[in-house]
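Undergrad: The chain contents come next:
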Amino acid sequence: MKKLSVWLLTSLVAVLIVDCANQKVPAEAAIANAESAIAPIRDAAQKYVPDQMQAVDAQLNSLKDSLAKGDYAAVVAGAPALTTAISSLKDAAAAKQADAEAAIAKAKDAWTGLSTDLPKMVDAIQSRVDVLSKSHHLPKGVTKDSLAAAKSGLDSMKGAWSDASNAATSGDFTTAVTKAQAVKDQATQIMQSLGMTSS
Amino acid sequence: MADDKTPAPAPDNPYTQTHVVVSGDTLSKIAQKYYGDASLYTKIFQANRDVLSDPNKISPGQKLRIP
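Same order as they appear, the protein sequences are chains A and B. For the first sequence, the numbering used here assigns the number 1 to the initial residue and increments by one for each residue that follows. For the second sequence, the numbering used here assigns the number 1 to the initial residue and increments by one for each residue that follows.
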């Protein structure tokens, strides 16, 4: 009886060792596959979906810990969820990247229009301010205050326009358009205050 | 004619105000309207030298740039 027990115990241990050894290979493969799947999308994921990237990394690190501890079964069991998470990460990063690229393309188009219009608006205002500055009387609807505001507005617009141009030159078209639009709004307001919008 | 150092607006600037001449208009009257000062008619004349050869000769229907 005792012999039988020893034999059974030995057999059980042997089965467990074989089983464990059988899971080591797929566990290591699962980690390697996950790392291979993450590598090409890591940069985009960190840029566009950083929280989701962080969650996937945490999931991966947890399985790597299990692998290091020899808990291959946990790795094998957790691998499908990680695979699903990586797939979602890839899709989310691609979608966000597409959105961002579309926004940049839209901003570039807007910048093209603004960069054509704004210098002309500023030139037109500058010409009018130069002439009105020489006038002995201001036209109906234009006050000394509005002329003074137009003069100071020209200075601030030129500064803001320079900032917008610098942003565009550095490739930040979203910032460039935001700043340029503000300049255009200000220019429109000044043109109205100087009576330049009617004939 | 008065001295005029104001650069003429670019002919293709869509933001330069324009005035369509009507019967009875003179450059002085137009200058009075837009600048509040009739003596500044020369600014308008200089800005429209491509269509005006004489500040005293403008015709109804002419579209003038008002710098």
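Worth flagging that the hints you see were computed from the coordinates, not collected in a lab. What you are looking at is a predicted structure, and each value in this text was computed from that prediction instead of being measured. Heads up, some of the hints might be wrong.
Derived EDC-like pairs (lysine to aspartate or glutamate); straight-line CA-CA distance at most 16 Å [what the hints assert, rightly or not]:
no.	chain 1	residue 1	chain 2	residue 2
1	A	90	A	28
2	A	24	A	91
3	A	90	A	51
4	A	108	A	172
5	A	96	A	35
6	A	140	B	12
7	A	134	B	12
8	A	69	A	109
9	A	120	B	12
10	A	144	B	37
Undergrad: All hints are to be evaluated individually against the structure, with a verdict given for each.
TA: Hints and how they fare:
About 22 Å separates the Cα atoms of residue 90(A) and residue 28(A), which puts this hinted pair outside 16 Å; it is violated. Restraint check for residue 24(A) and residue 91(A): the C-alpha separation of about 30 Å exceeds 16 Å, so the hint is violated. At most 16 Å may separate the alpha-carbon atoms for a hinted pair to count; residue 90(A) and residue 51(A) meet this at roughly 13 Å. A distance of roughly 9 Å separates the Cα atoms of residue 108(A) and residue 172(A); the hinted pair therefore holds under the 16 Å criterion.
For the hint linking residue 96(A) to residue 35(A), the alpha-carbon distance of about 22 Å lies beyond 16 Å, and the restraint is violated. For the proposed pair residue 140(A) and residue 12(B), the alpha carbon gap of about 27 Å is over 16 Å, so the pair is violated. Annotation: proposed proximity of residue 134(A) to residue 12(B) is violated, straight-line Cα distance about 25 Å (limit 16 Å). This hinted pair does not check out: residue 69(A) and residue 109(A) have alpha carbons roughly 55 Å apart, beyond 16 Å.
For the proposed pair residue 120(A) and residue 12(B), the alpha carbon gap of about 9 Å is at most 16 Å, so the pair holds. The straight-line distance between the Cα atoms of residue 144(A) and residue 37(B) is roughly 14 Å, inside the 16 Å bound, and the hint therefore holds.
Checked against the numbered hints given earlier, this structure breaks hints 1, 2, 5, 6, 7, 8; the rest are met.
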